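Colleague: Just need the whole structure built from these sequences, with the hints factored in.
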Amino acid sequence: MIHTRSLASIALLGATALVLTACGGGQPEPQGAAATEVSATVAQGGDGPAYTYDPKLVPAGATVAVTEAEQDGSTVTTLRVTGLLPNRTYGAHAHTKPCTAASGADAGPHYQFSEDPVTPSVDPSYANPMNEIWLDVTTDANGAGESTSTVPWVFPDDRRAEAVVLHEKPTATHAGHAGTAGGRPGCITVDF
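Those letters in the sequence shown? Residues -22 to -1, 1 to 170, per mature numbering (1 follows the signal peptide of the UniProt record, and there is no 0), in order.
I should point out that these hints are in silico values taken from the structure, not numbers from a laboratory. Because the structure is a prediction, the values reported are computed rather than measured. By construction, the Cβ of each residue, glycine as well, lies at the ideal position given by its N, Cα and C atoms. Treat the hints with care, since some could be wrong.
[As the list claims (entries may be wrong)] List of simulated lysine-lysine pairs, DSSO-like, C-alpha gap at most 30 Å: (1) Lys34 / Lys147; (2) Lys75 / Lys34; (3) Lys147 / Lys75.
[To be verified] Restraint ranges, calculated between C-beta atoms of paired labels, are given here: (4) Asp118 / Ser92: 29 to 37 Å; (5) Asp135 / Asp32: 30 to 38 Å; (6) Ala153 / Pro64: 26 to 34 Å; (7) Arg137 / Asp84: 12 to 20 Å; (8) Thr116 / Gly154: 22 to 30 Å; (9) Thr97 / Pro134: 16 to 24 Å; (10) Arg137 / Ala83: 14 to 22 Å; (11) Lys34 / Trp131: 15 to 23 Å; (12) Ala79 / Asp135: 24 to 32 Å; (13) Trp131 / Pro95: 27 to 35 Å; (14) Pro95 / Asp118: 35 to 43 Å; (15) Pro64 / Gly161: 18 to 26 Å; (16) Asn65 / Gly161: 18 to 26 Å; (17) Ser92 / Ala119: 35 to 43 Å.
Modeller: Right under this line is the structure:
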């Protein structure tokens, strides 16, 4: 079974607003893939699906697009950004719960295909880019960037990721800190 979902393209409007629009162009879809688009405009503190918690790190006018495709037992997720801070690396990961207006923490922990029995999960045998969807993105001089994650599994129907969170720092990989990436300046509810 092959399916692709263009999940979200978000633009910040004003100091505290995000715009969620469909991800239209970009990478080609796998042969036979069906596309799904989600569009909305959301102000910080309003009704989701997207929020900004730190407009200094996710400036007005920025855009974020997330695309997910499952094919041949693997999941490919792509993150595209524009208008973020230039020459900066943001951590980004799929999370277990949808975004809320209250806090980026409400999106829960990182989605893990094989769940760590210990929380928070900082063990590199669980918190790693093959067991989680890591989308760290480094922006260019114009604040644009793109990253792709390919994992050797697909989401089970009863346990799927519900958000992609932008973090303030690159993702750590060493024991005791694996998977950590600092604060959560932005969150996008998705439908993987």
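Colleague: Hint by hint, which ones does the structure fall short of?
Modeller: 11 and 13
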